[in-house]
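Q: Protein chains in written order, with the numbering used here: chain A, 10 to 314; chain B, 7 to 147.
No wet-lab data here; the hints were simulated from the structure. Fair warning: this is a prediction, and the values are worked out from it, not measured in the lab. Do not take every clue at face value.
[Unchecked claim] Derived lysine-lysine pairs resembling DSSO-like cross-links, with alpha carbons at most 27 Å apart:
id : chain 1 : residue 1 : chain 2 : residue 2
1  : B       : 16        : A       : 103
2  : B       : 87        : B       : 105
3  : B       : 77        : A       : 116
4  : B       : 105       : A       : 119
5  : A       : 103       : B       : 14
6  : B       : 46        : A       : 116
7  : B       : 87        : B       : 77
8  : B       : 68        : A       : 116
9  : B       : 14        : A       : 119
10 : B       : 14        : A       : 116
11 : A       : 119       : B       : 46
12 : A       : 116       : A       : 103
13 : B       : 109       : B       : 132
14 : B       : 77        : B       : 14
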Amino acid sequence: MNALSAWTEVRVLAPIGWHELVAETLQGGPCTSVAFGRPSLGVAAAPEGFEYVRTFLPRRDDTDANRARIAARVAELAVTTGDDALAALDIEFKPLPPEDYATSWMKVWKPFRVGRLAVLSPWTQSVPRAADVTMELEPGASFGSGRHATTRMMLRAIQERVRPGDRLVDCGTGSGILAVAAALFGAREVFAFDTDPNAEPNARELAERNGVAGRVRFATGGFELLAGHAAGFDGLAANIYSDILQQHAADFRAALRPGGWFALSGCPAPHAAATDRALAAAGLDVTARPVRGRWHSFLGVTPGG
Amino acid sequence: MAKEITGKIKLQCPAGQATPAPPVGPALGSYGVNIAAFVKQFNDATRAQQGLIIPVEITVYKDRTFDFILKSPPASVLLKKAAGVESGAGAVGTQIVGKVTRKQVEEIAKIKMPDLNCRDIAAAMKIVEGTARSSGIQVEG
Numbered sequence: 010m011n012a013l014s015a016w017t018e019v020r021v022l023a024p025i026g027w028h029e030l031v032a033e034t035l036q037g038g039p040c041t042s043v044a045f046g047r048p049s050l051g052v053a054a055a056p057e058g059f060e061y062v063r064t065f066l067p068r069r070d071d072t073d074a075n076r077a078r079i080a081a082r083v084a085e086l087a088v089t090t091g092d093d094a095l096a097a098l099d100i101e102f103k104p105l106p107p108e109d110y111a112t113s114w115m116k117v118w119k120p121f122r123v124g125r126l127a128v129l130s131p132w133t134q135s136v137p138r139a140a141d142v143t144m145e146l147e148p149g150a151s152f153g154s155g156r157h158a159t160t161r162m163m164l165r166a167i168q169e170r171v172r173p174g175d176r177l178v179d180c181g182t183g184s185g186i187l188a189v190a191a192a193l194f195g196a197r198e199v200f201a202f203d204t205d206p207n208a209e210p211n212a213r214e215l216a217e218r219n220g221v222a223g224r225v226r227f228a229t230g231g232f233e234l235l236a237g238h239a240a241g242f243d244g245l246a247a248n249i250y251s252d253i254l255q256q257h258a259a260d261f262r263a264a265l266r267p268g269g270w271f272a273l274s275g276c277p278a279p280h281a282a283a284t285d286r287a288l289a290a291a292g293l294d295v296t297a298r299p300v301r302g303r304w305h306s307f308l309g310v311t312p313g314g
Numbered sequence: 007m008a009k010e011i012t013g014k015i016k017l018q019c020p021a022g023q024a025t026p027a028p029p030v031g032p033a034l035g036s037y038g039v040n041i042a043a044f045v046k047q048f049n050d051a052t053r054a055q056q057g058l059i060i061p062v063e064i065t066v067y068k069d070r071t072f073d074f075i076l077k078s079p080p081a082s083v084l085l086k087k088a089a090g091v092e093s094g095a096g097a098v099g100t101q102i103v104g105k106v107t108r109k110q111v112e113e114i115a116k117i118k119m120p121d122l123n124c125r126d127i128a129a130a131m132k133i134v135e136g137t138a139r140s141s142g143i144q145v146e147g
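Just need the whole structure built from these sequences, with the hints factored in.
A: Spelled out as structure tokens, the structure:
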């Protein structure tokens, strides 16, 4: 679908519980898929006990005959189910302005820069600066598009800390953006893992797209994957939940060589003090605490080295 | 990654055949989500179930990335499977195409309770029975 296309929304206010059957009723004929819930915040929320069920007719199929057929199928529901809750359901037909849905979402994805890192989308025409390190990223599934405050703080911390030849670990890699950035800034080898099985293929694709697949190894799993890597890393990145940061502070320390650096984020303000205490208790020396909005990061080194 | 949720989107799409057309396009597009990526991943995940309509719940994160979970098939699909029939009534409400037991209705109601938002099993069974009648499936017992 590469051109503008026009649709008519068919909206039914269905009693909760019956919404799946109403959806199925709407899906006969030219409509193939449905959405539940209000179409936008500009539309009043469904009354208590009801749910919007919405399907869409291609404009060429939005004929009086098709509208009558859909309305008749919905009207039959009270009879066929024997439940009066389905009598006289409210049904609306609302023509939508033409739009190319296959590409219109791309408008919100602009290139952006964090320090020397320029993150570009495949469909944008951008000319990076001579000193830029560029990453091409097609956002998709798996968290980590660079649009979140925590990711940006981590991208900055990584580029300021990675030294050529470093061996790094990225805990909770998501899209792989931090691991790939570390490789782009000169890391010799990055080991990245995530418990989400969807993360690994997405992260691998990002590494391949940016020509660093040979230096980044992705795995699916949790902190058990660090077993056998004691003191094995020069640097460690983890942009995860604050309770996980606290629980695994000792694992971070154990994975780093003496004098190794760490960059941790994903901690909302109310949990910052407890996270700080857990890191200190594990012997991690926090030397900087960047804050962006309500998000806190923790940067530092392990003793020794 | 520190996932911060922006919204949840509930859709029903044909297995292996989702497209950027509505409702997928406008529902995900309003959050700035990569529609092509969702369509590809949904179709890959559901290809083996072609011919079925699959409910899916998409979670959108603040950085406009997403993930999704596939939900249990609609009650009518489970009823047809339990009754061993290929499709529902030809003439809605007038033609009986199969039968299920009350026990089977209860089992389906248990599976569907979280999706139907019913407060108890009796309410869920009432909806499953109504769906059975609407699909030309008789409930015995």
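Q: Identify every previously stated hint that the structure contradicts and give their numbers, smallest first.
A: 3, 4
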